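Here the structure of chain L is known, so what remains is to put chain W in place on it, guided by the hints.
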Amino acid sequence: MGTETQAAVAARAPTMWRRWKSRLALASRLKRLFAKKRRPGSGIEARPVIRKLVWARRLAQTGFFALFCYWLVNTGFRGSFAGASERVRVGQPVEGFLLADPFVALMTLLSTRTIYRGLLWSVGLVALTLVVGRVFCGWICPFGTLHHFFGWIFPSRYGKGASRIEQNRTHAVRQRVKYYLLYAFLGAAAFGSAVGGMFDPICIAVRAIGLAVLPAAQYVVGGASSAATQSNVKPLQGASDAMVDVLAVHVWQGKQVYFHHGWLIGVLLVAVLFLNRFIPRFWCRVLCPLGALLGLFSRFALVGMEKDHAKCTDCDLCLVHCQGADSPQGGVKWRQDECHMCMNCEAACPEDVIKFRFLPGLRSRSGEPDTGRRTAVAAAAAGAVSIPLARAADALEVNYSEKVIRPPGAVEEHEFLERCIRCAECMKVCPNNALHPAFFEAGVEGLWTPILIPRIGYCEHSCVLCGDVCPTGAIQKITEEQKMGVDQKPIRIGTAFYDHGRCLPWSMATPCIVCEEFCPTSPKAIWVEEVEVAKREQTPGPDGKEPPMTKIKVQQPHVDPDLCIGCGACEKVCPVQDEPAVYVTNVGETRSKTNVILLETENYNRS
Amino acid sequence: MVTRREALQRIGATAAVLGGSAAVARVAWDRGSFGVVQSGLSPQTRDFRLDPVHELPQLAIATTSIDPAELVRKAIDALGGMRRFVSRGDVVAVKPNIGWDRTPLHAANTNPQVVAEVVRLAFDAGAKTVTVTDASCNEPNRCFQRSGIWKAAYDVGANVILPAEHRFRSMRLRGELLDEWPVYRPLIDADKVINVPVAKHHNLARFTAAMKNWYGILGGRRNRLHQSIDLSIADLATFLQPTLTVIDATRVLLRNGPQGGNIADAKELNTVIASVDQVAADAYACGLIGATRDEIPYLKLGHERGLGTMHWESLRRAEV
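Taken in sequence, the protein lines are chains L and W. Our numbering numbers the first residue of the first sequence as 3 and each following residue consecutively. Our numbering numbers the first residue of the second sequence as 355 and each following residue consecutively.
Just chain L, same shape as in the assembly (with noise of 0.2 angstroms):
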């Protein structure tokens, strides 16, 4: 026995040598790569313009992400050489994704019976599937792109060959889900929210990418930068300031930014991802519901496959690299509504059975979703109830969070719910990280909607980009003399008040009132008042007697809640740092007629 596992031990030593050997042999890899391939059965070639049309495909997806990760590191202000009148706004149409996103125009539009602006581009998405399907998906979509990307690098050992064609067979009960998800939310909105942004994939993608992966890669960074700042040694400094400062200026910025519960939204797009794994393109045929209207279009599409059933050898080489799990194959019918239009099929088939063509025949395809109509129904009236269920909840019309501080300029809750699809553009694209998703502050409903949180940031006085960006109206485009109140009422957001207990000037006898400093309004909202206040000396007097007293003069700070816009800047600068001694709360914003603390003199009923 011993022997033997001497010799087997030898003997498995140079296999494994040999194998590694084998793999790493480049110049044959190399060779195996650009060598011809044979196409196996007729070997049949496809046709130029599908070989041309697939790379065309990885071209417009790759263009598309860039394009839509430039936008997004670009929601943000960088400065500028302008001058000092000229108005700050982003200049870039950063949020052309989601003005173009159908599912955000319908929902809008059955919550609020209006298109918002920009939303009308989405009409052009609308007309481009109608002629060519869900072209969105397969060459456009950028959390498409992700999904195409990582279901064809995680897949690697376990999802080759027959289990990867196995999953790739349409799975009618698993891709019906993404059609109750779309009707759940359209039911909803008809019943007045835009909830289902939790679920739009450009939402996703801006949400996720925005408030998690940026900030979590700047967060190491940032832990690398002071690791080479701290080694003192004088290149590696320089290289790394010099990255560092490549990033800040145009990836980033110069700080390190925050995400309230980011690490959810994080932790999701994980998930998603991960499930790549498992069944490719998960998340688009499953669960988009962007995917799933555009699929209740694409049964008009002009252009479309043609199938000869009979010229089919079963080969099952067109499921192999299927995106939308359509059934490409022959002797069942091609769903059209699933299909991504990435012409892989076409492109693999070495029998001339599959033509994707101008209007082509209609025998071979199924174009409707085939969710039952009852389901259907089902599903809307389930999204439909579930808003009022929210509602009756303690979270809105009663007992309403203090803590929910809206951006300037969003409209009144009822109507804000209407249109806020939760995409996080505002939030990405404050200067002063003051904008975060909300946890369950503003109830169930308000998941993952604009809240601002001014210890973490405060609402710069002159800004008005969160509206800017905003494709929903849910932020409205204010002005700075809106917004700063220049012959008019400024925009309020909340109103400041004092905790005297922890106020340094009011129960600790020292000087401070970094508040009044940084209060923006002009005359300011915070005023002080000079007043003498005890103080006790630190050392005991003579005797063990109790330590002298003395008199010291402070600034004591009041709000004048008629002045104060609630923007949080004395909350921010507060030196009280865990619980501030000056705190916003959102009574006294100008978008609620009920949330009101003074009695105004306008007479709010006109309106």
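In short, the hints are calculated from the structure, not lab data. Please read these numbers as outputs of a predicted model, since none were measured by experiment. Each hint should be verified, as a subset may be incorrect.
[Said to hold, decoys possible] Among the chain W residues that face chain L by a calculated CB cut under 10 angstroms, a handful are:
| # | residue |
| --- | --- |
| 1 | Arg496 |
| 2 | Gln499 |
| 3 | Trp504 |
| 4 | Asp509 |
| 5 | Gln613 |
[To be verified] No farther apart than 30 angstroms at their CA atoms in a straight line, the calculated lysine-lysine pairs in the DSBU-like style are these:
| # | chain 1 | residue 1 | chain 2 | residue 2 |
| --- | --- | --- | --- | --- |
| 6 | L | Lys555 | W | Lys654 |
| 7 | L | Lys335 | L | Lys162 |
| 8 | L | Lys335 | L | Lys357 |
| 9 | W | Lys482 | L | Lys537 |
| 10 | L | Lys313 | L | Lys162 |
| 11 | L | Lys479 | L | Lys595 |
| 12 | L | Lys491 | W | Lys621 |
| 13 | W | Lys621 | L | Lys257 |
| 14 | W | Lys482 | L | Lys236 |
| 15 | L | Lys553 | W | Lys654 |
Ideal Cβ positions, reconstructed from N, Cα and C, are used throughout, including at glycine.
Okay, now just chain W, sitting in the frame of chain L:
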């Protein structure tokens, strides 16, 4: 059966892993301690002052123009010209006040023309690079843009740097109050430092110009400094003594400082003060907003510490 060779290999592997674990544990062993570690090292102060030249003025006050750039030229020329302060090949850091998101009319930041003229004079004197930067209070992009300083300084060739976290380094100020603080590197990694503050009202410190302007070299939680603002200012002015101070008093914020916001709170005074003595410059300039030097404690502290003199009358002066 196990062969001798295999037995030795396996025992050897076990021993190697054990030895490795023990070595790592020994090196990384922390016995635990509690309390602030005192490094006990000397302060890392930065003194950029030059040797005094005995016949030249120490304090120049320029008032005979309404052009900010000309006032700067006159004041610096009166001190002996920029060549006295900047040598060929110098790396120069210019520290204006770019603290607030306010336009030049509000007079909360240094006048951009004043900053640009200082930069130009430094280049004329042979400076290799001139860096213009500040650690702003409001959002920096907006402060740099809307103050007009970004464009004005860039147009004359300055290297304008926006503050970012990685540009701060913890340094030992070892002042009476301020010990270790993150300091903004671009303003101290230079051969010469020129302080170009704006003179204005400050509700807590009463008056701010040169010495208070050093708040802008600190990172970290500087909102605590206000609890002892005079001592903080004195500590910072001790830590960093500039080559030259040029106070912009062309347009001065008289009320609601330091941020202001109302154009009516500012007034044209058409004055630029240049000095080699930051305390004297402040002591003179505070009179412009109607304050007296005796009611500003940080001037007295600076005077007592020998950073300069609050009795500006005792200096050689030039009024141009």
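Hints and how they fare:
A hinted interface residue such as arginine 496(W) counts as satisfied when its beta carbon comes closer than 10 angstroms to some beta carbon of chain L; here the least separation is about 6 angstroms, so the hint holds. This hint holds: glutamine 499(W) has a C-beta 5 angstroms from the nearest C-beta of chain L, less than the 10 angstroms allowed. This hint holds: tryptophan 504(W) has a C-beta 6 angstroms from the nearest C-beta of chain L, less than the 10 angstroms allowed. The restraint placing aspartate 509(W) at the interface with chain L holds, with a minimum CB-CB distance near 8 angstroms, inside the 10 angstroms limit.
The beta carbon of glutamine 613(W) comes within 6 angstroms of a beta carbon in chain L, closer than 10 angstroms, and the hint placing it at the interface holds. Of the supplied pair hints, the one linking lysine 555(L) and lysine 654(W) holds, its CA atoms being roughly 19 angstroms apart against a limit of 30 angstroms. The straight-line distance between the Cα atoms of lysine 335(L) and lysine 162(L) is roughly 25 angstroms, inside the 30 angstroms bound, and the hint therefore holds. With a C-alpha separation of about 14 angstroms, the suggested pairing of lysine 335(L) with lysine 357(L) holds against the 30 angstroms cut-off.
With a CA separation close to 54 angstroms, the supplied pair lysine 482(W) and lysine 537(L) exceeds the 30 angstroms bound. Only pairs whose Cα atoms come within 30 angstroms are accepted, and lysine 313(L) paired with lysine 162(L) is accepted, the gap being roughly 25 angstroms. Only pairs whose Cα atoms come within 30 angstroms are accepted, and lysine 479(L) paired with lysine 595(L) is accepted, the gap being roughly 20 angstroms. The suggested pairing of lysine 491(L) with lysine 621(W) holds, with an alpha-carbon distance near 27 angstroms, which does not exceed 30 angstroms.
A C-alpha spacing of about 35 angstroms is found between lysine 621(W) and lysine 257(L), which places the hinted pair above 30 angstroms, so the restraint is violated. Between lysine 482(W) and lysine 236(L), the direct Cα distance comes to roughly 20 angstroms. Compliance with the 30 angstroms bound is thereby established for this hinted pair. Proximity of lysine 553(L) to lysine 654(W) is assessed by CA-CA distance (about 22 angstroms); at most 30 angstroms being required, the pair is judged to hold.
In this structure, the hints that do not hold are numbers 9 and 13, in rising order.
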